[in-house]
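K.L.:
Here's the letter readout for the chains.
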Amino acid sequence: MNGLAYLFLPFQQPLLIVLVAIGVFAGIYIGAIPGLSGTMAVSLLVPFTFGWETNPAIVLMIGIFSGVVYGGSRSAILLNIPGAPAAVATSFDGYPLAKKGLAGEAIGIATVQSVFGGIIGVIALAFFAPVVTKVALKFAPRDYLLLSFMGMMLVGSLGSKSISRGLVTAAMGVLLGTVGMDPISAQHRFTFGNTYLLSGIDYVTAMIGLFGVSEALVQIKDLSIEPVKQKADRIVPSFSSIKKYLPLTIRSSIVGVIVGALPGAGGDIAALLTYDQAKRTVKNPEVPFGEGAVEGVVAPESANNAAIGGAFIPMLTMGIPGDSVTAVMLGALFIHGLHPGPMLMVETPHLFYLIVSSLALSNIFLLIFGLTGIKVFTKLIEIPKGRLLPIIIMLSVVGSYAVNNNLYDVFWMVAFGIIGYLFKQYDYPVGPMVLGIILADIIETNYRRSVISAGSILKFIGGIFTSPLSMFLLSIIIFSLLVQTEWYKRWRSKRDLKRYKQD
Amino acid sequence: MKRLISLLLVLCMTVTVLIGCDNKENNSESIFPARDITGIVQWGAGGGTDSLMRPLSSLAEKILGKSIVIQNKPGATGAIATQYVYEQDADGYTLLMGAENPQLYSMLGISELTYEDFEPVFIIGDEKVGIIVGKDSKYNSFTELIEDALANPGTISMTTTGTGGMPWSVSSFIKAITGATFKQIPFDSDAACLTAVLGGHADFTVAKVQSAIQSYKAGEIKFLTLLSLEEVDVLPEVPLVIEEYPEFKEYLPWGPFYGIFVKDGTSLEAIDVLSNAFIEAFKDESYQELLRGFNVTPLGLTGEEAKAYLLDWKRNTADAFYKSGAIDKSPEELGIK
Chain P
1 MNGLAYLFLP
11 FQQPLLIVLV
21 AIGVFAGIYI
31 GAIPGLSGTM
41 AVSLLVPFTF
51 GWETNPAIVL
61 MIGIFSGVVY
71 GGSRSAILLN
81 IPGAPAAVAT
91 SFDGYPLAKK
101 GLAGEAIGIA
111 TVQSVFGGII
121 GVIALAFFAP
131 VVTKVALKFA
141 PRDYLLLSFM
151 GMMLVGSLGS
161 KSISRGLVTA
171 AMGVLLGTVG
181 MDPISAQHRF
191 TFGNTYLLSG
201 IDYVTAMIGL
211 FGVSEALVQI
221 KDLSIEPVKQ
231 KADRIVPSFS
241 SIKKYLPLTI
251 RSSIVGVIVG
261 ALPGAGGDIA
271 ALLTYDQAKR
281 TVKNPEVPFG
291 EGAVEGVVAP
301 ESANNAAIGG
311 AFIPMLTMGI
321 PGDSVTAVML
331 GALFIHGLHP
341 GPMLMVETPH
351 LFYLIVSSLA
361 LSNIFLLIFG
371 LTGIKVFTKL
381 IEIPKGRLLP
391 IIIMLSVVGS
401 YAVNNNLYDV
411 FWMVAFGIIG
421 YLFKQYDYPV
431 GPMVLGIILA
441 DIIETNYRRS
451 VISAGSILKF
461 IGGIFTSPLS
471 MFLLSIIIFS
481 LLVQTEWYKR
491 WRSKRDLKRY
501 KQD
Chain Z
1 MKRLISLLLV
11 LCMTVTVLIG
21 CDNKENNSES
31 IFPARDITGI
41 VQWGAGGGTD
51 SLMRPLSSLA
61 EKILGKSIVI
71 QNKPGATGAI
81 ATQYVYEQDA
91 DGYTLLMGAE
101 NPQLYSMLGI
111 SELTYEDFEP
121 VFIIGDEKVG
131 IIVGKDSKYN
141 SFTELIEDAL
151 ANPGTISMTT
161 TGTGGMPWSV
171 SSFIKAITGA
181 TFKQIPFDSD
191 AACLTAVLGG
201 HADFTVAKVQ
211 SAIQSYKAGE
221 IKFLTLLSLE
231 EVDVLPEVPL
241 VIEEYPEFKE
251 YLPWGPFYGI
261 FVKDGTSLEA
271 IDVLSNAFIE
281 AFKDESYQEL
291 LRGFNVTPLG
301 LTGEEAKAYL
311 LDWKRNTADA
321 FYKSGAIDKS
331 PEELGIK
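Chains as they are written, first to last, in our numbering: chain P, 1 to 503; chain Z, 1 to 337.
If you're looking for bench data, these hints aren't it; they were derived computationally from the structure. Even glycine gets a Cβ: it sits at the ideal position worked out from N, Cα and C. Hints are not guaranteed to be accurate.
Said to hold, decoys possible - Taking lysine to any residue and the SDA-like style, the derived pairs with C-alpha atoms no more than 20 Å apart in a straight line are:
{"no.": "1", "chain 1": "P", "residue 1": "Lys375", "chain 2": "P", "residue 2": "Leu44"}
{"no.": "2", "chain 1": "P", "residue 1": "Lys459", "chain 2": "Z", "residue 2": "Thr155"}
{"no.": "3", "chain 1": "Z", "residue 1": "Lys183", "chain 2": "P", "residue 2": "Leu458"}
{"no.": "4", "chain 1": "Z", "residue 1": "Lys62", "chain 2": "P", "residue 2": "Leu44"}
Unchecked claim - Residues of chain P placed beyond 10 Å of chain Z at every Cβ, according to the derived structure:
{"no.": "5", "residue": "Thr195"}
{"no.": "6", "residue": "Gly264"}
{"no.": "7", "residue": "Pro288"}
With the hints as constraints, model all of the structure from the sequences given.
P.N.:
What follows is the structure, encoded as C-alpha cells:
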C-alpha cells in the first residue's frame, strides 16, 4: 500500500471515524473546564486503550487532543476563565465580545479560525515536516530566550491604564515564578522548608485563580446587574469576514506550527506571541484591542490549533515530543510496540498517514461540533449570577486540584483569586501576572543555559549577533519596539502625508 | 419541590458519610486488601515511570481483586509524591511508584526522605545508558572524548537534566574514574538534551537506550559507549565502557530503575500480598513485551534481593559522587557504608 492509500485508512474502517468524532466531542467539553487538560485526558486513555488495537487508540487520542485545545476558548470567551494556558490570549478580546452580547459570534470565529489553524498545521505536518524539523533544531537556548522576550512584550500591550501598572503585576508574577527548586542547580528558593513548595507555583493554578475566582468575586459585589442578553443570530462568520482575516490567520498559523514544533515551547507561547503581533500590526481594527477586537480572537485561536500539527512534527521525525500531550502519546505508542522517530517512515509508514488523516478528520468534526449547540452554550452566561458564580468557584477548586492532585494548589488558587480581586479593584491588569509566572521559568533557564554554553556573558551577546536565526528574532523585537515610539509614529505620519500629496 | 430536593440531598450526604465510616471500620479486621489501593506516581502522566506503572497495575489489580487507582503527583524530582506517601498510614493501601531519584535526595539536600524510609514491594527493572554525540561529531570513541576533555578541561559541552539527574550523575562517575570535566548545560528533560545534541548546540549527552535508539538507527547520532557490564541486545555493535576503562566495573551495573514501595512499618503480610501480585503481573507475556518495547532490563526483585539492589546502587553512587567532588560528605558520613 502506498502513502495515499494509507491516508484513506479511516474510511475503510468507519469505527475510526466514529472514534475521532467521539474524541473531538469529549475533548471540547473537557477543554472548556479549567484545569482539565489535554495531557490529563489523553493519559487517562492510555490504560483505557491498553488492550485495544493501535489504530483506534491513536485516533481517539488525536480527536481528544484537537477538541481540548479548541475547548479552552469556550470558557475564555463565555466566563473569562481560559480553559487552558493556550486560551489565555483568547480571553483578552473574547470576553469583552461576550460582554457586548456577541458571545455567539466570538465562538463562531474561534471555531472557524481553530479549524483553519488546525488544517494549516496538518498541511505543515504532511508536506513540510522535514523543513520544520530543521528550523526547530536550529533553536538554541538563546533563541528560546528571545522568543520568551517577545512573549513578555505583551505586558506592554495588556496594561489597561498604563504600562507601568502592567509591569508591576508582571514583576510580581516573575517573582512568584521563582518559588520552588531552582530548575538548574536544585537550590531551594522561598520554600521555607516546606516540601510542597519545592515544585513551585503551577501557572495553571495561578491562571484559574486570577481569571476565574477574581472575576466571580468582582461580580458578587453586584448581583442585581442583569446578565447581558446574547444575540445568537449570527454565529457562522460570513465569507467576506473570513477572507478579510485570512492573511492574519495564515501568519498566526505559521508561527503556531513552528513554535508548536519546538520541544521547549507550545501552543500557549504561540497564542501569546501571535496576539501581541496582531495587536502591533493590525493597523485599524474596527474595535480597539482589549475591548472586543475580532483580530484578538483570530490570531491566538488559529495559532494554538496550528501548534497541534506542529507538536507532532518532532515526535514523528525525531521521536521527541513537541509538547506534553505528544509526550503522553509517545509513551502510549511505545506501549503498543511502535517507535516513532526518524525510522518511522521506513518501519511503519501507515502510522504517519493515519495521524495526518485523523488530524484532518478531527478538524472537520471540530467545525461541525463547534458550530452546533452554540446557542445553548451562550445561554450559560444568561444564567442568573446567584447560580452561575458558585458553579464557577466550584469548577475552579476542582480544576486547580486536578492539575497535580495537590491540595496546596487549591490554596494557591484561592490566594490568587483574592490577589486578582484586589488588582481589579485598583485597576491593575491580571494578565501580565500570569504571563510573568509562565515566562519567568523559560526566560531564566534559557538565559542561564545560553550563558553557561557560551562561557561568558560577552560571548553570549556575541553569539546573538553571529547567528542568523537569533539576529532575525532580535530584529523582530527591535522593530516591534520601534513602531511603538513617538519618533516612528511621527516619521510614518510624515510619510503618509507625503504620499497623500503625491496622489 | 425545592424542599423535597434539599431533603433528598441531605439524606444522600448522610448516607454517604455513614457508608464511608462503615467501610473503614470493617477493613481493619478483614484480610488485605479489603479496599481499593492508591498508587502515587512520582512523575507526570505519560512519562517513562507512568507508562511502566499503569499497565503493571492494571494486571496486578486483577490478581489482588481490588482496584489500584493511579494518581500522578509530580514535582521536585519526585520529592512531592515521596513526601505525600510518607504522610499516609503505613497500611499498604498507598503505594509509592517511582524511579531512582529518592536515593539521591539526602545526598543532594532535596529532601530528608529516601527509599530507606520505605519498604520495597517490587523493583521492575532498570535501563542501560550510553554516551551519544551528533553524527558529524569529531569523536568516534569514548576514549577520544575523554582524552580531549582531559586536554581541555571544562570546555567540552554536555547537556544534562540538572543536578541529580541521570546525565549529571554519569558525569560524576566519569570524573571519579578518568578525572575528565565538562561544561554542563542543564535542560528540562532528556528529550531536550537529545534535541540540543541533534541541533549541534552541545557536544554530547548521556541518554537512555530507549530515548536515543531511534535517532541512532536513522544515523542521526553516534553511540560512543554503553555503561553496561554485558552486551545490550538491541545495540550489539556499540562498545562497552569497561573495554576502555575497566575501572567502571566497580560502579556497574548502574542505571535508572523503577520500583514500587510502601511506607516503612507496613505489615509483612500486606507487603507479601502486594509483592506476589506484582510478580505475577510482571511475568505476564504482555508486560514482558512492553518492557522489551521500552528497552527496560527486567529485574523483578522483591524482599531482601530488592533491598540489596537498592543499597548497592546507593553506595556506588555516593562513592562516585564523593570521589568526583559532587558532594562534600563521604558515604560513611552519610551512613551508607
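K.L.:
All the hints need checking, so say for each whether the structure fits it.
P.N.:
Status of the hints after comparison with the structure:
no. : hint                  : verdict
1   : Lys375(P) - Leu44(P)  : violated (31 Å)
2   : Lys459(P) - Thr155(Z) : holds (14 Å)
3   : Lys183(Z) - Leu458(P) : holds (17 Å)
4   : Lys62(Z) - Leu44(P)   : holds (19 Å)
5   : Thr195                : violated (4 Å)
6   : Gly264                : violated (6 Å)
7   : Pro288                : holds (38 Å)
Hints 1, 5 and 6, counting from the list given before, are not met by this structure.
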